[in-house]
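> Below, each chain spelled out in residue letters.
There are 2 protein chains.
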Amino acid sequence: MVNTSVGIVTTEYVEFDLELQLESGRLLGPITLAYETYGTLNRDRSNAILVTHAWTGDAHAAGRHHPDDRKPGWWDDMIGPGKVLDTDRYFIVCSNVIGSCKGSTGPASINPRTGKPYNLGFPVIMVRDMVRAQVLLVDHLGIDRLLAVIGGSMGAMQAIEWGIHFPERVRGIVPIAGCGRTSPMAIALNAVARQAIFNDPLWKKGNYKPEHPPADGLALARAIGHISFLSDRSMQLKFGRRFSARDGLFDFFGRFEVENYLAYNGSSFVDRFDTNSFLYLAKALDLYDLAWGFESREEALERLDCPSLWFAFTSDWLYPPYLTEEVIAILQKLGKPVEYHLIASDYGHDSFLVEPEKFTPKVVDFLERRLAEAEKAVTGDG
Amino acid sequence: MVNTSVGIVTTEYVEFDLELQLESGRLLGPITLAYETYGTLNRDRSNAILVTHAWTGDAHAAGRHHPDDRKPGWWDDMIGPGKVLDTDRYFIVCSNVIGSCKGSTGPASINPRTGKPYNLGFPVIMVRDMVRAQVLLVDHLGIDRLLAVIGGSMGAMQAIEWGIHFPERVRGIVPIAGCGRTSPMAIALNAVARQAIFNDPLWKKGNYKPEHPPADGLALARAIGHISFLSDRSMQLKFGRRFSARDGLFDFFGRFEVENYLAYNGSSFVDRFDTNSFLYLAKALDLYDLAWGFESREEALERLDCPSLWFAFTSDWLYPPYLTEEVIAILQKLGKPVEYHLIASDYGHDSFLVEPEKFTPKVVDFLERRLAEAEKAVTGDG
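Protein chains in written order, with this note's numbering: chain A, 85 to 466; chain B, 85 to 466.
So that you can see chain A by itself, here it is in the shape it has in the complex:
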């Protein structure tokens, strides 16, 4: 049997003793980034692919931390020897974004000015700020130019920002199930999720103790988010109108199976994610607009200098295909090398995680072409 796992991996941490100027004008520092790498950086340092994670993701994209881990990293389907992100050929890097709670600097980190956790003293960050911090890591790893940046959802936004703001540092971007700017529908869903947390008396304006988080509020917020990751069709397939076997249909608190699922998913989320991080990252999603700081989206996208490969999913109603397509239309008008695929899938926003086989062959091709270009560039230079 062929081993397709990267095996046992370890999260690494790097601290940057500097102050990063954020889009808001505020400074953040020092900055710690948690990251993992899989595969080997080649001699020319030209085979590095940065994987960017979604809202509640982390640096642990592949393999296991311990042999008895129940689950591998979040994109293990994609990353490993012989897989789409083939660790026999590519050097894969994944780092936890700033603002998160999975090892990188976020609202739960200690504010060096006060010696206490930032909590709401943490600055509002944008996706662009996450990318600026990733640049520090890529520099640290000695990589001048990434072969590609690839990610879904908030990961797609990071890929886009890399392409626009660091065009000389990347040979290709692969935004999956993303958008050029979030819609008022997505903002509205985040708004009610936020309010669910604000309503929880344990939240205390962000000053909860880590051991006493606003569990009910966060679980509800997550359940709201979770609905938006699914689709009408995927819920019909998965739950239909099945009623909980233990409950009476006419019990006031009786639940349909879909309710049990959301409640379970919400509760288990509380154990693995920090509430304030959830809020800060939701804010970053709401604020996301690739045109931020430019006169227009055209002006922003004019800066994109590398080939890009985009995917949207028919049943994704959180970031519906039109949000990607309006970006594609601009790129085509600007004559940029762009490839776009609308993937038919029933699994809503989560389609990119549920049915990767529907789009990954295109990714394999795209990366091979980028690698060929990179190798040609080295030969040309040499």
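These are computed hints drawn from the structure, not numbers from a lab.
The reader is advised that the hints may include incorrect statements.
Repeated chains share a single entry, so a pair holds when one copy, or any two copies, can fit it.
Said to hold, decoys possible - For lysine to aspartate or glutamate, the following EDC-like pairs were computed, each having C-alpha atoms within a straight-line distance of at most 20 Å:
(1) K186 to D358
(2) K289 to D335
(3) K420 to E295
(4) K288 to D335
(5) K460 to E252
(6) K289 to D331
(7) K420 to E379
(8) K446 to D172
(9) K460 to D228
(10) K186 to E96
(11) K417 to E379
(12) K322 to D373
Once you've looked at the hints, dock chain B against the given chain A.
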């Protein structure tokens, strides 16, 4: 200028001193129903149309209670002299459903067995139970056979139940933006709205004082519901990504306009609706399945004996068109006289309230044909 208003109207109340057997097997009684009527019942009592309201609607469908009322009844666009539901020709009846809080018996009513409000002692009700109570009112008004039952959303469900369970009492039904059974998506949205209330410490398992309702929880629940009544497109048109003029973009609590709207809408709802009623009616929506108690939907719909006119709206993602269309397909297979129109509208589930002009000409025709049939029947009998 032509007067198209029904003018000043008064809500009437009728009490039925009986015990209604509910679908759950429990008994509910005595039952008070709040209702309004507009127009005049003709000599043959053949021109009565029952208007059935949605989730948070009430008996006050048209006109004003006081000359200085800021707003008329909820379907005033539709009801009045010369309007679609023409009070010069038809006798319009609208009653508040049981389980609600607008004058009909609901969880805030006094339980005669305890002398205290029912609160969670109120039985879980189904849409079919609401209709059974309406039958009492129609009997009380001396109407053997309604010309039509017409309503949107939960009102559509009531119209369907009238057609299936009281086929001899109705000449036509007009279900608008309804469904034959709610989807797991709709249930999931209600589940998180419910949880928003359950999480509010003021809810006290339904035993809050009316003057101290769980305002934060109810406002949030309403905001969640409200999102599902809109559409991606209608939010783009109405709010886009406009940010609140008073807030800083990088304020943690800064809001987009869509957030202000939802917050305002949620808060104002608290003043006009009872929390437990909201929960009981949400439950009735979740439980709605026209096949309940039958072997199949075919068996249920076989009982429908009158012409029916159905509307669904392209952008309605709460009760998407396919939910109506699967009912239409069965009716057509059964050879029932059915007319269905899919209306192109951007306004989501609320389209039926926002753009009535897109479907009302079909309603006018349908009602005229029913009236002609009724008159012919009288002549035939006479």
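> Evaluate each hint against the coordinates.
Against the structure, the hints come out as follows:
In the homo-oligomer, the alpha carbons of K186 and D358 lie at most 20 Å apart inside one protomer (9 Å), although the nearest pairing across protomers, at 42 Å, exceeds that limit. Taking identical chains as interchangeable, the C-alpha atoms of K289 and D335 lie at most 20 Å apart only when they sit on different chains, with a minimum of 14 Å there against 36 Å within one chain. With identical chains, the CA atoms of K420 and E295 are never at most 20 Å apart, being 50 Å at best within one copy and 62 Å at best between copies. Proximity of K288 to D335 under the C-alpha cut-off of 20 Å is restricted to the inter-copy arrangement: shortest distance 18 Å between copies versus 34 Å within a copy.
In this assembly of identical chains, K460 and E252 lie within 20 Å of each other by CA distance solely inside one copy; the values are 17 Å within and 82 Å between copies. Taking CA atoms no more than 20 Å apart as the test, K289 paired with D331 passes between copies only; the shortest distance there is 18 Å, against 36 Å inside one copy. Taking identical chains as interchangeable, the C-alpha atoms of K420 and E379 lie at most 20 Å apart only when both belong to the same chain, with a minimum of 19 Å there against 59 Å between chains. In the homo-oligomer, the alpha carbons of K446 and D172 lie at most 20 Å apart inside one protomer (19 Å), although the nearest pairing across protomers, at 66 Å, exceeds that limit.
Proximity of K460 and D228 under a CA criterion of 20 Å is satisfied intra-copy only: 16 Å inside one chain copy versus 87 Å between copies. In this assembly of identical chains, K186 and E96 lie within 20 Å of each other by CA distance solely inside one copy; the values are 11 Å within and 61 Å between copies. With identical chains, the CA atoms of K417 and E379 are at most 20 Å apart within one copy only, with a shortest distance of 17 Å there and 57 Å across copies. Within a single copy, K322 and D373 get their C-alpha atoms only as close as 34 Å, which misses the 20 Å cut-off; across copies the closest is 18 Å, which meets it.
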